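Colleague: Sequences are here, hints too, so could you generate the full structure?
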Amino acid sequence: MPFEPVILFFLLGVIAGLARSDLKIPAVLYESLSIFLLLAIGLKGGVELARQSLSELLVPALVVVAIGALLPLIAFPVLQRLGKLSRADAASVAAHYGSVSVVTFAVGAAYLANLGQDYEGYMVVFLVLLEFPALMIGVWLAKRGQGGSNMGKVLHEVFAGKSIVLLVGGLLIGWMAGADGLKPLDNVFFDLFKGLLAIFLLEMGLVAAGRIGDLKRAGAFLLGFAVAMPLFAGALGALTASLIGLSVGGAALLATLYASASYIAAPAAMRIAVPEANPALSIGAALGITFPFNLVIGIPTYYWLASRLEGVV
Amino acid sequence: MPFEPVILFFLLGVIAGLARSDLKIPAVLYESLSIFLLLAIGLKGGVELARQSLSELLVPALVVVAIGALLPLIAFPVLQRLGKLSRADAASVAAHYGSVSVVTFAVGAAYLANLGQDYEGYMVVFLVLLEFPALMIGVWLAKRGQGGSNMGKVLHEVFAGKSIVLLVGGLLIGWMAGADGLKPLDNVFFDLFKGLLAIFLLEMGLVAAGRIGDLKRAGAFLLGFAVAMPLFAGALGALTASLIGLSVGGAALLATLYASASYIAAPAAMRIAVPEANPALSIGAALGITFPFNLVIGIPTYYWLASRLEGVV
Amino acid sequence: MPFEPVILFFLLGVIAGLARSDLKIPAVLYESLSIFLLLAIGLKGGVELARQSLSELLVPALVVVAIGALLPLIAFPVLQRLGKLSRADAASVAAHYGSVSVVTFAVGAAYLANLGQDYEGYMVVFLVLLEFPALMIGVWLAKRGQGGSNMGKVLHEVFAGKSIVLLVGGLLIGWMAGADGLKPLDNVFFDLFKGLLAIFLLEMGLVAAGRIGDLKRAGAFLLGFAVAMPLFAGALGALTASLIGLSVGGAALLATLYASASYIAAPAAMRIAVPEANPALSIGAALGITFPFNLVIGIPTYYWLASRLEGVV
Amino acid sequence: MAASYTRRTLLTVVCESSIEARVVADAKHLGAHGYTASEARGGGQHGERDGGWPMSGNVRIEILCEAAVADAIAAHLQKTYFAAYAMVCYLSDVSVLRSDKF
Amino acid sequence: MAASYTRRTLLTVVCESSIEARVVADAKHLGAHGYTASEARGGGQHGERDGGWPMSGNVRIEILCEAAVADAIAAHLQKTYFAAYAMVCYLSDVSVLRSDKF
Amino acid sequence: MAASYTRRTLLTVVCESSIEARVVADAKHLGAHGYTASEARGGGQHGERDGGWPMSGNVRIEILCEAAVADAIAAHLQKTYFAAYAMVCYLSDVSVLRSDKF
Ligand SMILES: Nc1ncnc2c1ncn2[C@@H]1O[C@H](COP(=O)(O)O)[C@@H](O)[C@H]1O
Ligand SMILES: Nc1ncnc2c1ncn2[C@@H]1O[C@H](COP(=O)(O)O)[C@@H](O)[C@H]1O
Ligand SMILES: Nc1ncnc2c1ncn2[C@@H]1O[C@H](COP(=O)(O)O)[C@@H](O)[C@H]1O
Ligand code: NA
Ligand code: NA
Ligand code: NA
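Chains as they are written, first to last, in my numbering: chain A, 32 to 344; chain B, 32 to 344; chain C, 32 to 344; chain D, 366 to 467; chain E, 366 to 467; chain F, 366 to 467.
Treat the hints with caution; some may be incorrect.
To be verified - List of simulated lysine-lysine pairs, BS3-like, C-alpha gap at most 27 Å:
| # | chain 1 | residue 1 | chain 2 | residue 2 |
| --- | --- | --- | --- | --- |
| 1 | E | Lys393 | E | Lys466 |
| 2 | A | Lys55 | C | Lys174 |
| 3 | F | Lys393 | C | Lys184 |
| 4 | F | Lys444 | A | Lys247 |
| 5 | D | Lys466 | B | Lys247 |
| 6 | A | Lys247 | F | Lys466 |
Source of the hints: derived by calculation from the structure; they are not laboratory data.
From a predicted model like this one, the values you see are computed outputs, not experimental measurements.
Modeller: Encoded structure:
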């Protein structure tokens with residue numbers, strides 16, 4: 032399995048965090064880098080989208096979203112019945128795993144670029160589309176039959192949330208300006224992408240190391256879930272990709288998206304809409320286990336799976 | 032009229048602000064980007080200046096400053112008599128419009144670069160020279176016949192203010208080091224310029240959206256002034272450019288400078304020197320109306336004007 | 032003597048600071064840039080190290096560290112007897128001058144690059160190795176015969192301190208990934224290095240200007256020491272380089288390392304381990320005198336010395 | 366001295382950043398005329414909150430107001446947020462100038 | 366307990382960042398021996414000041430001093446800045462160690 | 366009003382950032398159940414500390430606790446840090462909700 036150097040930055044962060052280094056990435060640098068990454072991913076997707084007939088995207092997008100929406104619906108009863116989590120906790124964790132992680136996606140794309148493996152440029156559209164349905168479903172699962180679901184607030188929180196604004200904003204700007212119009216911006220948004228992703232991963236490593244404490248409270252079931260769920264979701268993603276005829280690279284990325292757990296949009300939305308859920312559980316699992324698992328083991332596995340399935344389906 | 036993609040970032044910021052998105056560009060990123068932009072503009076100008084005989088610049092510079100100094104003197108009675116603004120408010124608004132906006136200048140330069148239109152490299156010298164006379168005049172207008180003019184404090188506030196320090200410092204470094212000496216720094220100060228300007232404009236869009244409330248207090252007269260004044264000043268700039276024999280690109284930029292209203296140096300200086308002026312009025316007009324107006328409509332108009340005047344004068 | 036433009040940024044910072052400009056580099060930008068510079072230097076060294084047989088480095092490294100350890104041992108009695116500093120102050124100043132300054136090293140490397148002068152890539156390893164022995168020695172000097180030396184805390188403070196974590200982390204990542212693996216990160220970590228170093232030096236100029244007050248308290252002896260010590264240490268470095276057979280560039284850099292005084296790791300470690308030492312003395316000397324001295328006069332002198340010694344020894 | 370003071374209550378709330386906007390809106394609704402907020406880190410029952418990433422940031426909100434308003438806000442916060450959010454709040458007596466502002 | 370306390374006054378000023386340097390200089394001139402400042406946001410009579418750009422930032426300044434000094438500073442601030450600047454200031458009683466410092 | 370208050374002591378420490386971790390650890394050791402910290406600048410006996418670079422940053426730490434605990438922490442800080450570090454600390458009386466937390 033080939034080797035993706037940006038992951039080393041994540042590991043450095045984890046080690047520094049565990050060694051209680053005084054290395055701290057300033058919160059403002061974290062925010063600045065995440066603004067950059069979200070915008071850049073959006074712009075890149077928009078440029079690709081401009082080369083694409085939108086109408087052809089409609090059916091695949093519907094399929095991807097519909098199958099993706101199964102993920103929280105499958106996760107919820109597992110978490111509630113097998114995991115004995117409270118309804119709110121089960122719903123919140125399900126929402127995190129149903130939604131997607133932008134950084135996991137970026138590492139997946141870097142992994143493919145490293146292999147010289149192409150993928151459909153409009154995968155970013157799927158990234159955007161997959162971000163929020165699971166959050167709605169999570170809120171609905173938590174509040175079913177209770178009234179006062181706060182759904183309006185969640186909708187605003189998600190759609191006016193910075194990750195959607197920057198991804199969709201970048202997508203639109205890229206789409207309107209096209210590759211030529213954005214050329215003078217390439218020095219920043221394309222050339223710096225991977226280096227800044229590396230610094231961001233260093234920070235994520237520090238943050239993930241800080242979640243170790245949460246994992247103790249999470250219990251063995253949740254730890255297992257945090258590994259099993261991405262594998263299951265990744266397999267579903269690879270199958271869905273075959274169904275809609277994606278390339279091997281596209282299939283690996285869709286598997287990565289399904290397998291990834293959100294730790295930007297989902298925690299923010301759940302904190303507002305399902306406050307009785309314990310954020311330590313969902314964040315501990317998503318960031319403490321699933322994120323590193325996907326980086327190191329998951330992505331190569333989903334790629335392998337995608338290559339296998341290609342001939343078959 | 033050709034299309035300048037960086038403006039889309041400004042619009043994205045405005046929309047996000049109006050939609051009450053939780054997208055916030057951290058204040059420190061704003062400051063960091065403005066340090067970068069000011070330094071980079073200064074360096075670029077300095078490199079150009081090194082190619083130039085300074086003595087030839089003297090007369091054009093004097094003309095540009097002298098005619099530029101008319102702007103606040105013309106604006107003041109209009110604001111005080113027609114606009115019924117208090118003396119302090121009229122003086123403060125006049126100072127904002129007499130001074131210049133570095134970012135508007137940068138967008139103007141990007142617009143020209145997009146068209147492949149050259150301009151005189153020493154325009155940055157005019158930018159620096161135009162920044163402060165209007166501020167002095169504004170303070171003098173506000174304090175005439177009152178004593179205690181605080182002129183000393185304003186002078187220090189302006190000359191030791193960060194925008195002058197960085198612009199002039201960059202100018203001198205660029206001038207001393209020359210294009211060759213700065214070559215190893217080009218990867219940062221030249222190549223990243225436009226991409227970082229785009230991110231800065233995203234932030235300015237958010238800030239401008241936040242000034243909407245101020246505009247209500249400003250009243251119809253000031254709203255009209257915020258559109259009419261840049262058009263008048265832009266025309267004066269294009270004429271002045273003909274007078275001193277600038278190229279079409281140079282004329283468009285000088286028009287842009289005259290037309291632009293300061294929202295970095297002027298608010299800071301007026302707050303100290305003319306505290307009784309209401310900052311919501313001047314900033315609301317300069318940032319809420321004139322800045323977006325110049326970006327979207329003004330710059331192309333000044334360019335058109337400059338092209339027209341070329342054959343004529 | 033050739034001219035290194037990044038120094039102009041330092042001078043601009045000093046002038047702005049002395050002129051009491053309101054220019055402030057936000058603390059977070061300072062931290063972000065120092066994270067970047069440390070990582071980048073580490074990565075660069077790691078890539079070079081990958082080309083190197085590690086076993087051949089062992090003896091030179093031991094020599095460099097052993098002779099480097101003499102520096103604080105020589106400085107301490109001078110400071111205590113001739114300079115009449117208290118034991119704690121003498122030990123703390125000795126530790127600062129025995130340790131090294133990463134930014135002085137970076138400017139030295141830029142100076143050589145400017146001259147087209149090569150140097151051994153593994154100099155970064157010496158940089159890392161030289162950072163901490165002097166700090167241990169300083170603590171030991173301060174606490175000799177007192178008990179309660181806090182050595183454990185210092186060790187943790189230094190080894191888990193951010194400068195070692197980032198330098199060593201970068202070194203390891205560069206070493207593991209190699210030049211090819213890091214290629215996609217070059218746009219950030221290599222191409223932006225010099226421009227961001229320039230901005231960092233601007234900030235250091237502002238900080239150094241703020242230390243002027245400390246210098247008054249430091250007294251004439253310490254001011255003299257802050258110039259004489261780097262010259263002595265630089266000469267020792269050039270000789271040591273001849274001993275282990277470094278190239279002229281390598282010798283100039285080793286002289287620069289010996290001559291430089293730490294103002295990141297040392298102040299932090301001494302503050303914790305030798306709190307009774309007055310930080311104004313050591314920081315005033317290291318940052319207010321020695322750092323600018325090395326930038327402007329020292330580095331060219333060490334290079335000249337290294338060239339001279341080449342034929343001789 | 367020209368300054369004449371009035372007693373007012375200073376209500377300080379330390380809570381997770383995610384609810385800042387709601388706490389401020391609630392306070393205004395209950396009669397506060399202003400507030401001051403600044404970034405904070407901290408630790409308490411809900412563990413360490415070091416501000417290293419968005420979900421672990423705290424905010425420190427201060428509200429100067431009449432005692433009755435402070436009581437009303439504190440009671441509301443207790444009812445609405447104490448169970449589910451990291452939050453601490455306390456009151457102290459202070460002297461203000463320009464009492465009509467608060 | 367080894368610690369012995371003295372009563373002092375804590376003067377807190379929240380104002381727009383643009384006058385921070387002047388407020389601190391004035392306070393020192395009127396007898397303050399130190400101050401602590403931190404970035405803040407907020408809202409009040411002068412609208413929302415969200416710190417998103419330089420002109421909308423607030424600063425929170427705290428000055429520990431003798432009651433008479435606090436009175437003098439507060440009176441001076443009222444006279445000099447209240448009319449034209451976003452500013453709030455209030456006093457509270459605190460116990461300090463090392464009273465000679467303040 | 367539903368809210369019922371208890372008197373507690375608020376200990377505020379302003380000190381150089383380099384000892385933040387130790388001050389917090391000491392306070393917990395002496396019985397504090399939580400703390401709030403935020404970045405600060407300032408000036409005092411040890412000169413101006415403008416936060417422009419790591420060694421010149423301050424931190425402002427607040428600890429809500431019982432009076433005896435506050436006394437113990439203050440006495441400890443005085444003994445351990447006052448001689449060698451830039452540090453100020455003061456106590457005030459406040460009313461808290463949920464007194465069992467502190
Ligand atoms: N005893 C305390 N003193 C000062 N601040 C506290 C204390 N307890 C909690 N806090 C602050 O309030 C936040 C939430 O507290 P908690 O709900 O107890 O986790 C913490 O992150 C701290 O910033
Ligand atoms: N009632 C209040 N409570 C706390 N802080 C306030 C209050 N009113 C105003 N402030 C702060 O003081 C600043 C200036 O207030 P103002 O002059 O009323 O606009 C505001 O931006 C707030 O940060
Ligand atoms: N009188 C004072 N009022 C408020 N804060 C102070 C005062 N004196 C000192 N400080 C703060 O405490 C820090 C350390 O004080 P010092 O040990 O006196 O230098 C200073 O940097 C200030 O932030
Ligand atoms: Na998912
Ligand atoms: Na103008
Ligand atoms: Na040294």
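Colleague: Is the Cα-Cα distance between Lys393 of chain E and Lys466 of chain E 27 Å or less?
Modeller: Holds - the C-alpha atoms of Lys466 of chain E and Lys393 of chain E are around 13 Å apart, at most 27 Å.
Colleague: Are Lys444 of chain F and Lys247 of chain A close enough, with their CA atoms no more than 27 Å apart?
Modeller: violated (37 Å)
Colleague: Take the C-alpha atoms of Lys393 of chain F and Lys184 of chain C, compute the straight-line distance between them, and say whether it is at most 27 Å.
Modeller: Holds: Lys393 of chain F and Lys184 of chain C sit about 19 Å apart, inside 27 Å.
Colleague: Is the hinted pair Lys466 of chain D and Lys247 of chain B satisfied, with a Cα-Cα distance of at most 27 Å?
Modeller: holds (23 Å)
Colleague: With the threshold set at 27 Å, check whether the alpha-carbon distance from Lys55 of chain A to Lys174 of chain C stays at or below it.
Modeller: violated (30 Å)
Colleague: With the threshold set at 27 Å, check whether the alpha-carbon distance from Lys247 of chain A to Lys466 of chain F stays at or below it.
Modeller: The hint holds at about 23 Å.
Of the numbered hints listed earlier, those contradicted by the structure are 2 and 4.
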